[in-house]
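So the sequences go chain by chain: A, B and C. All residue numbers for the first sequence refer to the working numbering, where the first residue is 5 and numbers rise by one. All residue numbers for the second sequence refer to the working numbering, where the first residue is 10 and numbers rise by one. All residue numbers for the third sequence refer to the working numbering, where the first residue is 20 and numbers rise by one.
These are computed hints drawn from the structure, not numbers from a lab.
Computed, partial: chain A to chain C, Cβ under 10 Å:
id	residue
1	Gly213
2	Ala241
3	Gly267
Built from N, CA and C at the ideal position, the CB exists for glycine as well.
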Amino acid sequence: METLRFLLKKLVEDRVALLGALLILLLIFTAIAAPFLATFPEDVAEFHPPNRLIAPDSIFWFGTDRMGSDIYSRILFGARITITIAIIAIGVSVIIGVPIGLVAGYYHTWFSDLLMRTSDIFLAVPQIVLAIAIAQTLGPSIENIILALSATYWPFWTRLVYAETRSIQKETFIEANVALGASPIRVMFMHVLPNISSSIIVRTTIGMGGTILTAATLGFLGLGAPAPSPEWGRMIAESREFLPEAWWYATAPGLAIFLVVMGFNLFGDGLRDILDPRIRRSVRHDE
Amino acid sequence: MRKITSNRREASRKGGLIPTFLAAVIISVSGLLAPITAAHAKNTFVFANASPYDTMDPQVVFDVGRVAYRLNLYDGLMRWLDNPPKLHPWLAESYDISADGKQYTFTLRANAKFHDGSPVEAKDVVYSIERILALKKGASSLFVKVINPGSTKAIDNRTVQFNLNKSSAIFLATVPEVHVMNSDLMKKHEKDGDWASAWVSKNDAGSGSFKLKRYDPAKGFLAERFTDHFMGWGDKYLDAIEFRTVKEINSRVLGLMKGDFHGADGYMPQDQIKRLVKSDEVNVSEEESMRIFYFIIHNGRSPMNDINFRKALSYSFDYTGFIKDILSNSVARNPVPLPNNIWGAPQGVKGYTYDLDKAKEYLAKVKEPLREITIGALAGYGQTEQAAVLLQSALTKIGVKSKIVAETWPVASGKMRDEQQMYDLLPLWKSTYYADPNNWVGEMYYGPNIGSRNNSWYQDDQVDQWITEAIGSTDQAVRAANYTKASTKVMEDAAGIFVYNTKWFGPYNKSVKGVRFCPIGNAQEMRWVYFE
Amino acid sequence: MRLLVLILNRLLWFFPTILGLMVITFTISHVIPADPVAFVAGDNATTEQIEALRVQLGLDRPMHIQLFHYIFNLARGDFGVSLYTLRPISEDLASRLPATMELTIVSVLVSTLIGIPLGVMSAIRRNSFLDHVVRVFTVSGLAIASFWFAILLQLLFAMELDWTPLQGRTSGWGPEHVTGFFLVDSLLSWDLSELRAAAFHLILPVTTLAFPAMATIVRFTRAGVLNAMNSNYVLYEESMGFPKRVIIWKYVLRNALIGTVTQIGLIFGILIAGAVVVEAVFDWPGLGYYAVQSIIQSDYNAIMGFTFVTGVLFIIVNLLVDIAQVFIDPRET
Numbered sequence: 005m006e007t008l009r010f011l012l013k014k015l016v017e018d019r020v021a022l023l024g025a026l027l028i029l030l031l032i033f034t035a036i037a038a039p040f041l042a043t044f045p046e047d048v049a050e051f052h053p054p055n056r057l058i059a060p061d062s063i064f065w066f067g068t069d070r071m072g073s074d075i076y077s078r079i080l081f082g083a084r085i086t087i088t089i090a091i092i093a094i095g096v097s098v099i100i101g102v103p104i105g106l107v108a109g110y111y112h113t114w115f116s117d118l119l120m121r122t123s124d125i126f127l128a129v130p131q132i133v134l135a136i137a138i139a140q141t142l143g144p145s146i147e148n149i150i151l152a153l154s155a156t157y158w159p160f161w162t163r164l165v166y167a168e169t170r171s172i173q174k175e176t177f178i179e180a181n182v183a184l185g186a187s188p189i190r191v192m193f194m195h196v197l198p199n200i201s202s203s204i205i206v207r208t209t210i211g212m213g214g215t216i217l218t219a220a221t222l223g224f225l226g227l228g229a230p231a232p233s234p235e236w237g238r239m240i241a242e243s244r245e246f247l248p249e250a251w252w253y254a255t256a257p258g259l260a261i262f263l264v265v266m267g268f269n270l271f272g273d274g275l276r277d278i279l280d281p282r283i284r285r286s287v288r289h290d291e
Numbered sequence: 010m011r012k013i014t015s016n017r018r019e020a021s022r023k024g025g026l027i028p029t030f031l032a033a034v035i036i037s038v039s040g041l042l043a044p045i046t047a048a049h050a051k052n053t054f055v056f057a058n059a060s061p062y063d064t065m066d067p068q069v070v071f072d073v074g075r076v077a078y079r080l081n082l083y084d085g086l087m088r089w090l091d092n093p094p095k096l097h098p099w100l101a102e103s104y105d106i107s108a109d110g111k112q113y114t115f116t117l118r119a120n121a122k123f124h125d126g127s128p129v130e131a132k133d134v135v136y137s138i139e140r141i142l143a144l145k146k147g148a149s150s151l152f153v154k155v156i157n158p159g160s161t162k163a164i165d166n167r168t169v170q171f172n173l174n175k176s177s178a179i180f181l182a183t184v185p186e187v188h189v190m191n192s193d194l195m196k197k198h199e200k201d202g203d204w205a206s207a208w209v210s211k212n213d214a215g216s217g218s219f220k221l222k223r224y225d226p227a228k229g230f231l232a233e234r235f236t237d238h239f240m241g242w243g244d245k246y247l248d249a250i251e252f253r254t255v256k257e258i259n260s261r262v263l264g265l266m267k268g269d270f271h272g273a274d275g276y277m278p279q280d281q282i283k284r285l286v287k288s289d290e291v292n293v294s295e296e297e298s299m300r301i302f303y304f305i306i307h308n309g310r311s312p313m314n315d316i317n318f319r320k321a322l323s324y325s326f327d328y329t330g331f332i333k334d335i336l337s338n339s340v341a342r343n344p345v346p347l348p349n350n351i352w353g354a355p356q357g358v359k360g361y362t363y364d365l366d367k368a369k370e371y372l373a374k375v376k377e378p379l380r381e382i383t384i385g386a387l388a389g390y391g392q393t394e395q396a397a398v399l400l401q402s403a404l405t406k407i408g409v410k411s412k413i414v415a416e417t418w419p420v421a422s423g424k425m426r427d428e429q430q431m432y433d434l435l436p437l438w439k440s441t442y443y444a445d446p447n448n449w450v451g452e453m454y455y456g457p458n459i460g461s462r463n464n465s466w467y468q469d470d471q472v473d474q475w476i477t478e479a480i481g482s483t484d485q486a487v488r489a490a491n492y493t494k495a496s497t498k499v500m501e502d503a504a505g506i507f508v509y510n511t512k513w514f515g516p517y518n519k520s521v522k523g524v525r526f527c528p529i530g531n532a533q534e535m536r537w538v539y540f541e
Numbered sequence: 020m021r022l023l024v025l026i027l028n029r030l031l032w033f034f035p036t037i038l039g040l041m042v043i044t045f046t047i048s049h050v051i052p053a054d055p056v057a058f059v060a061g062d063n064a065t066t067e068q069i070e071a072l073r074v075q076l077g078l079d080r081p082m083h084i085q086l087f088h089y090i091f092n093l094a095r096g097d098f099g100v101s102l103y104t105l106r107p108i109s110e111d112l113a114s115r116l117p118a119t120m121e122l123t124i125v126s127v128l129v130s131t132l133i134g135i136p137l138g139v140m141s142a143i144r145r146n147s148f149l150d151h152v153v154r155v156f157t158v159s160g161l162a163i164a165s166f167w168f169a170i171l172l173q174l175l176f177a178m179e180l181d182w183t184p185l186q187g188r189t190s191g192w193g194p195e196h197v198t199g200f201f202l203v204d205s206l207l208s209w210d211l212s213e214l215r216a217a218a219f220h221l222i223l224p225v226t227t228l229a230f231p232a233m234a235t236i237v238r239f240t241r242a243g244v245l246n247a248m249n250s251n252y253v254l255y256e257e258s259m260g261f262p263k264r265v266i267i268w269k270y271v272l273r274n275a276l277i278g279t280v281t282q283i284g285l286i287f288g289i290l291i292a293g294a295v296v297v298e299a300v301f302d303w304p305g306l307g308y309y310a311v312q313s314i315i316q317s318d319y320n321a322i323m324g325f326t327f328v329t330g331v332l333f334i335i336v337n338l339l340v341d342i343a344q345v346f347i348d349p350r351e352t
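Input sequences plus hints: build the corresponding full structure.
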């Protein structure tokens, strides 16, 4: 409790991180309250072809799209998709990647090498390409995007946790525990993990931003949920045909992505500054 | 130049080096001050194409998007020209059909030459048809059922004889797809029995109006006028043609408006056509085409195998909203599986309308339990997605749940062959491959074609009988009557949702003249085009 | 000694890693919903024709046999032919690799040549106006969706202002082919109009790619410089009376550069990944777009081909970075 209050105090002091936190809260609030905040909530599924491609005005705050739907309302509902993908994808990749990294880092056998080389295989191809291949194989849908992102993101966690575990292993208190006969699992999860958790938390927040960008890219390439899903990346792809006249069509969803990712990045930076000043000094980062 | 010399003397002193270098660079680089114009030689026509030209082999692909090199680098025995399309003798100067309709004898012109100067002879035609049958790609499906390998004979240098295994009224209409290749040249480049595929995929073995000069699969191709072409040349022509791949539609439109491209594809969305019409640089020619837009319905799967459900679907599409609002009335309502303007199309048919009450009426009669329907769409083809979305929202209103699956054409076309994998519904166009009603209703709703060209899994004995008769007969009146009956029945059975017949809106630079539009080839034949 | 162990270890794992990569790719590319044979055979093909084609292409054999044949051929340098066009994959790869490399290298140059000085200055003048502007820029750089940024650049500079071309690598066929790098080739043949065209066509794609890379470089350089400036060593130098300027340029900058070098592997990753999107938006005829196309068309051999090439490149780069790590900071291993 003390630590939490301390953390919050530090957070409020760092105005940039505070801005980030506010943006994140805005995203969450928008996602939850979308049906109430939207001016045309039914436009997620209903269409009005006579209203196509109207510039932003007092009725359609961000203009309308190619099917005549209100872009502002669709963006609000798109926030739900964004949050869902980000949370689940990161969650799953952490759950897979962290234990593997712990085991690989803790042991010094050929098995560790095997695990690390396996993760190398996944890292050998650019994440986006592998994600495209997986999404293409499974078919375009939100579930498959989440799967593709998780399957390609876990190696980053593994590498991070591996490096951190290896460096912590040299610390005296770990050696002491091992000498005292603590089981490896106990050491890993009760001693190593708590000490590297701040690293993981910081990385999670920053990783959210990156995941949202990759998910938007997949949506842009047409691999996400199909029409008429109000997914932000897909909306930008749809808009290309109508540029430069319908400039609002591309601008609004892009701004939404930008603000959300910015929020996570700022907050993550702030967290890092607070939680672990030690990390700041180290230049070796997988970001 | 003198300036540099004096600077050089100065430059021998330390510190003068930099000014020297700068001066030298600036002067020699003044060439860069010229504006960047698209680097064309004068009198080269540049066309911006949506699909990439993956290969220069005319016998391995058979789609509308990549027709340009087949039309301009190669010739067939006959050729479809103009609108309404007429079949003209081309490499052949005359032909003869036997009484039983199974033997076609063509007499070749005496003066036709290949690009390497050698004469076009009957043996080249024989080689070409054998190659098509052997490779089994591209247009081969049009011929495999009627021509057996080895049955085509070169009677003499200028006479070639096709011996079909059954009478086919559409053979002549499809013969333009036998692109005649230079057999001597091809045999020289054959490797391991590949019929010279590796070589000809990037080279030219044709006799067409233009000969290949440059080809890069990532860019497109450039071809120069073949002065010895047998059709001869008037006094106005192009020196070279260049077909470039420009995938993004907006890039094609903006390029046209800037004058970087002289022509582009004619089936762009109406939003783009409106922009082009407004531009001073571009003229848009409008022609009635033969390319229908419809939803394929999987008639073999429940609940679409129930005619009441299909009728409910047919009453659930907002035809007017789609045509008027989304397509700005640039297309014509076409309620039958044949374009309104081909002979044999039923006239004066009203077809289905957007009527949700009627839809609910028919839906109530469906006995099978309802489930979520899968509507396919083609990724990258916005119109198919818009149509799917429109249908989906109407279906929701009558209580039918649906989901949309957008996939790319390679994936979708693969699924279309498989009864299990095919979507419940898929919006699609059907273009003209040969100008005969068989191209539509005869391919799409003919029982024996199920799984290949019939992706609706529709089979009706009566319709099959009419079509079989029409293919076998040589009497146009009989054939027309049969196709009329067949397509009317297909419409009454609601085997598909037939939406519109498109118009062709060809965007060309204002200086381009002589474009001859034909629904087959879509005006990509460049031999009559010139700049004014 | 440690270095030798590391290198040996990595070399030992090189082949199994590549093999593993190939197996995974093979499996993924063959477990696709599409039937590329049906697609290649054409809309009008019959079922018999499709099956005949399948046999002809050797795709009816069991998967493990196909895999074996593929790897065997690969060892001889034969990447196979495209399922789709029957053209050798190695040709496609060879023609597309320079396009991506040119884009990537120019982006690396731009982002380092601008990013490092910016990072240093930002650190030296910490909390100044410049520093704040730079920090806003770096945060945005990592938050902006590159495909969106690319589209905005196109909207503003190509469509509205008409200052740059809209897409593509050049307006015509490019300079006489020597290396495949347009900037180099046009200089070699002294074709100035081609040089200008190539340069102008590079502007928007490079800006899009370099932006996030620059943001990363600025951050790390800045952090590295701040770090070095606060280190005991520098304080010692200062107290000994060395002029600040000398200290900065000699020691601080070197540390900063070292920090950045270790990020090269990371930057390379960002750029290759970014190249996929940038190539798609700007219609750049490179490897990234080829990758996406082959996946979408289910062109097995093409997919395997480019995966192999990028995989090898990546592994090599990572290996070099890890080796550099050993030299630079023996403590870290």
